[in-house]
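Chemist: This is what each chain is made of:
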Amino acid sequence: MTQPVFTDSEWSFRLVEEIDHEISLLAREFGLDTWPNQIEVINSEQMLDAYASVGMPLMYNHWSFGKHFLSSQNSYQRGHMGLAYEIVINSNPCISYLMEENSMTMQTLVIAHACYGHNSFFKGNYLFRTWTDADSIIDYLMFAKNYIAHCEEKYGIDAVEEIMDAAHALQSQGVNRYKRPKPLSAEEEKSRQKSREEYVQRTLNALWSTIPQPARQESDNKLPRFPAEPEENILYFIEKHAPLLETWQRELIRIVRKLAQYFYPQKQTKVMNEGWATFWHYTLMNSLHSRGKITDGSLLEFFKSHTNVVFQPGFDDPRYSGINPYTLGYNIFTDMKRICLEPTPEDRQWFPDFAGSGEWQSVLDYAMRNFKDESFILQYLSPKVMRDMRLFTIASENNSPWLEVSAIHNEECFSVLRSHLADQYNLGNLEPNIQVYKVDIRGDRSMILRHYVHNGRPLDAASAEEIMGHVEKLWGFPVSLESVDGDSVRRTYKSARSRASIA
Amino acid sequence: MGSIIIDRRRNSKGKSTVNRERFMRRYRQQIRKAVNSAVNSRSITDTSSGEKISISRKSLSEPFFHHGEGGNHQQTHPGNKEFVTGDRFLKPRGKGQGEGSGDGQASDSGSGVDEFVFQINRDEFLKYLFDDLALPNMVSKERNDAMEFFFRRGGFTSAGSPDRLNIVRSLRSAHARRIALSGKERREIRALKRELRAMEVSQEDADTSRMAEIKERIRDLNGKIKRLPFIDDFDLKFNNMVKVPQPSNKAVMFCIMDVSGSMTRTIKDMAKRFFFLLYMFLQRNYKKVEIVFIRHHAEARECDENDFFYSRETGGTVVSSALNLTRDIIEKRYSPKEYNIYVAQASDGDNWESDSSKCSHIISRQLMDSVSYFSYVEITDRQHQNLWHEYAELAKAWPDSFAMAHIRSPDDIFPTFRELFEKKEAVA
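Chains A and B, in that order, give the protein sequences. Sequential numbering of the first sequence, starting at -8, is according to this note's numbering. Sequential numbering of the second sequence, starting at 17, is according to this note's numbering.
Hints in this document: simulated from the structure, not taken from any laboratory. This structure is a prediction, so every number in the text was calculated from the model and none was measured.
Okay, derived cross-link-like pairs now, DSSO-like style, lysine-lysine, Cα gap no bigger than 30 Å in a straight line:
| no. | chain 1 | residue 1 | chain 2 | residue 2 |
| --- | --- | --- | --- | --- |
| 1 | A | LYS249 | B | LYS74 |
| 2 | B | LYS97 | A | LYS295 |
| 3 | B | LYS143 | B | LYS266 |
| 4 | A | LYS328 | A | LYS258 |
| 5 | A | LYS328 | A | LYS114 |
| 6 | B | LYS97 | A | LYS261 |
| 7 | A | LYS145 | B | LYS143 |
| 8 | A | LYS429 | A | LYS485 |
| 9 | A | LYS258 | B | LYS74 |
| 10 | B | LYS353 | B | LYS304 |
| 11 | A | LYS464 | B | LYS74 |
| 12 | B | LYS412 | B | LYS288 |
| 13 | A | LYS145 | A | LYS464 |
| 14 | B | LYS74 | A | LYS485 |
| 15 | A | LYS136 | B | LYS74 |
| 16 | B | LYS49 | A | LYS464 |
| 17 | B | LYS97 | A | LYS375 |
| 18 | B | LYS348 | B | LYS304 |
| 19 | A | LYS429 | A | LYS464 |
| 20 | B | LYS97 | A | LYS328 |
| 21 | A | LYS114 | A | LYS136 |
| 22 | B | LYS303 | B | LYS348 |
| 23 | A | LYS295 | A | LYS258 |
| 24 | A | LYS464 | A | LYS249 |
| 25 | A | LYS375 | A | LYS261 |
| 26 | B | LYS231 | B | LYS200 |
| 27 | B | LYS259 | B | LYS304 |
| 28 | B | LYS209 | B | LYS240 |
| 29 | B | LYS74 | A | LYS261 |
| 30 | B | LYS200 | B | LYS240 |
| 31 | B | LYS49 | B | LYS143 |
Build out the structure end to end from the sequences listed, making use of the hints.
Modeler: So, in C-alpha cells, the structure goes:
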C-alpha cells in the first residue's frame, strides 16, 4: 500500500514537486503530450497584477491595465470577488501560477488542471499550433514592452497613448481569421524592424504618389478599386497603407495586432479548453486517489471545488449569466468517454464512429486536436448532455413582439438545438463582420468601412460612433462605416472630418 | 522531464504601479474634481486617510465594435423546466428598448454600476487637492537668524576623516598624478618604440646592439613608471560637508473666529471648511503643524476644537480682543524664529464700530512682523462693513502676506482657497 504524498493541508515546495511528479507519471500513462512546465508560486497581490496585464508575466504599460487593476483590486478588497486559483500561459515552457494561499489539495488540483490539462491543449489543438508560437511569445512581449517604453521616451506618453487607444479599439478587427499569419518571433522582429521601416515607406510612396485631384469624378470608374478585395484585418490595412503614420506608429499598431492574433485562438476554444482541463483534473485527481496518493479528505475537498467550478445555474436563477464553459465542455468530454465505454442504443445511432469503441483516450485526443468550440459542439454534443443540462433555445425576431421557444431537449429538436448552440460559439456570429471596403486613393483619401449585417443585427451605435474617431486618428483622413444588409445600406457612421467634408 | 518550480513571491508586487499612475494621469481632471467635492465632507483634522474616488464609467469606456439590440437571434439556455417547442412570450419591455435606442442614456440614472470606484491614498489625495497651489512666503523663513542647522554635502576637500573618503575622486586624482609624473618617460618610450619599429621594418641589416640597448632602455623606463606610487596622501579627496541653516519645519496656525450671536451654524460650517483646507495645506508643507483656536465675541478665549465650532455665545463683537490674544500667545509660546505663523480669521464682517481701526493698528504694528501669512475670509451675503474696508487697506500694504476673500456659499470655499494660494509667477 502506498503512502499518500501529503496528509496536511499546508503545502511546501517539496510536496508540490512530489505531487507534480506523480501527476506527470499519470499524465504520461493517459497519453497527454505537454510542453515542459514552469510552475511559479505567487501571492495574491501578484495575482492581481497578473489579472491586470491580461495574465501575461510581462506587458507593456497602458492606462487601461491600470484601470483593470484598480477595479479588480477594489472588488477583491471588498470581498466581492475571489481570485482565480491559477493562471496559465500558452508558452514554451508553459508558465502556470499557483497562489500561495491555496491548500495542498488545491495546488494539486491546479497542477492537474493547468500544467497538464491546459498545457496539453495548448500543445495539441490545431488553432494554437497554427496561430501562435509558444516558443517566442515571452520574447516578443519583452520586445514590445521595450519598444513602447522607448517610444514613450522619445515621443511622449500622450502621443503613444493616442495610437494605442485607437489600436486597442480595433483589436478584434486586427486578426486574420482565415489566412495563417507567420508565427511571431522576437529575433526576427528586431532584426527586420529596420528593413521593414524602409520597405513600408517605399511602398507607401508608390501608392500615394499622385497628388489628390478631387475633380476627376468621371474617371473614377475606370480606376481599379483599392483594395481590390475587401480587407478583414483593419489594423493590418492601416499599418501598411495609412498615408501619414510615422514608422514607429506603424510598429505600435503591429504590436497590438500581433497580440490580438496571439489571443484569438483562446477566444475560439473557451469551452473546449476549459472543458478539457476540467475533465483531466477530474480524471487525474481520481486516479491519484485510487492509487492512494491523496487521502479521502483531500478528495472530498477536491470534489467541493470541482462542484463549484462546474456549477451551472438555470436560466431563471439570479446567479445565471450564460452557459458556464467549464460545465459545458466538461460534460461533453465526460459523456464522450461514457459513449466509448458504455454506449446506449441512442448513442450508437448518433455517434456510430466511436460508440462502444473503448478507445476513449484516442477519441478525446482527436477531438481536442482538431476542433474549435463551434465545430466541437456541432460534432460531439450528445442528446444525453442536452437532456442533463435541460437546454432550450429562445428565438427572437426583429419584427415580432414575441419570444419563441424554438427548440427544447427532445427527440425532434436535438439536432436543431445543437446547431443553435454551436452557432452561439461561432465568433463570426458574435463579432460584427467589418471590413475595409474602399479607399479613395485618387481623391480625398477617405476610407470606407463596411459592416456586413448578419441576421439583421445592427451595430451598437454609440461605440461605433466613438470608434470612428479612433480610426480617423490612425488613418489620418475621413472615415465612414456603412452597415450593409444584402445590397442596401442600412446606416452610415461617419467620423468627424467625414461629416465636415460633406457639410 | 521534470517541471521547474519557482518561488516568485519575493518578486516585486508593484507591477501595476506604473499602469495605475498612467490611469490617474489620464483622468487627473476627473479625479481632481472628485477630490475637490470630497473635501466638503471631511472632518477638520482628518488628514490621515485616503479617499474613495468615483468617476463616471462612461468617460473611461474603451469602445469596441459589438452588436446592439435587435436583429434575429437564437439564444440557448440551460435549466428548462416546463417549456415546449412553440411556447411564446411577449418581449420584455423597458430594458431592451432603452438600450436599443443606442444613446446609452437609459443607464445613466442607475445606481453604483455606472460609477468606477477606486481608492487613492492620503498623499495622492493631497496632491490632487493642492496641485498647483503654493504657500506664499515660504522663503522668508530661511533667513539668517535660524536656530537650527544641518549638514549638507558641499564639494570636496583634501583633508578629512576616513569615513568621508571619496574613493572615486581619490583614485581619479591618483590617476591624474601618475599620468602627469610619467609624461617624460612615456614620451621617451614612444620615441624609442618608433625607432625600434623602423629598424624592424627597414631593409637594411638591423643593428642588434642598438636594438638591445633600446629594449633595455624601454624596460628601465617602464620600471620607473611602475615605481610611481599608485596612491599618495596627496591624492586623497574627502567629501566636504557644509553647515546650512535649517529652515524651520514647524508651523502654527491660529484659527480666529467670531462666535457672537450673528454667526449662524451654516456660517460656522463654512468657516470650518476653510480652516480645514488651510490645515491640510500646511500639513503638506510642514512636518509639524500646531493649531491654536481662538474664539471671540466681546472678549477672546483660547479653546479646543469642539468648543470652537460647536458652542455658541452671545454678545457684542470686538475683533481686536482676539488679535490681542493672538499676539500674546505668539509672544509667549511661538517664537517666529522657530515657527512659521499663519493666521486665519473668519467672520461675518460684524464688528463694533470703533474697534476696526484698532484691529488694523494691531495687525500692522504688532502682528505682521512675525506672521508669515494672514488670511481673512468674510462669510456673508450682505454689504461689506467697516472691518472689510479697514482690512482692504492692509491687503494693499502687504500684498504678499495679507489676503482676504469673500465667501457667499459653501461652493465658494474651495475656489476661494485656490485663488488665495494659486501659484503666482515667481515674484523676486
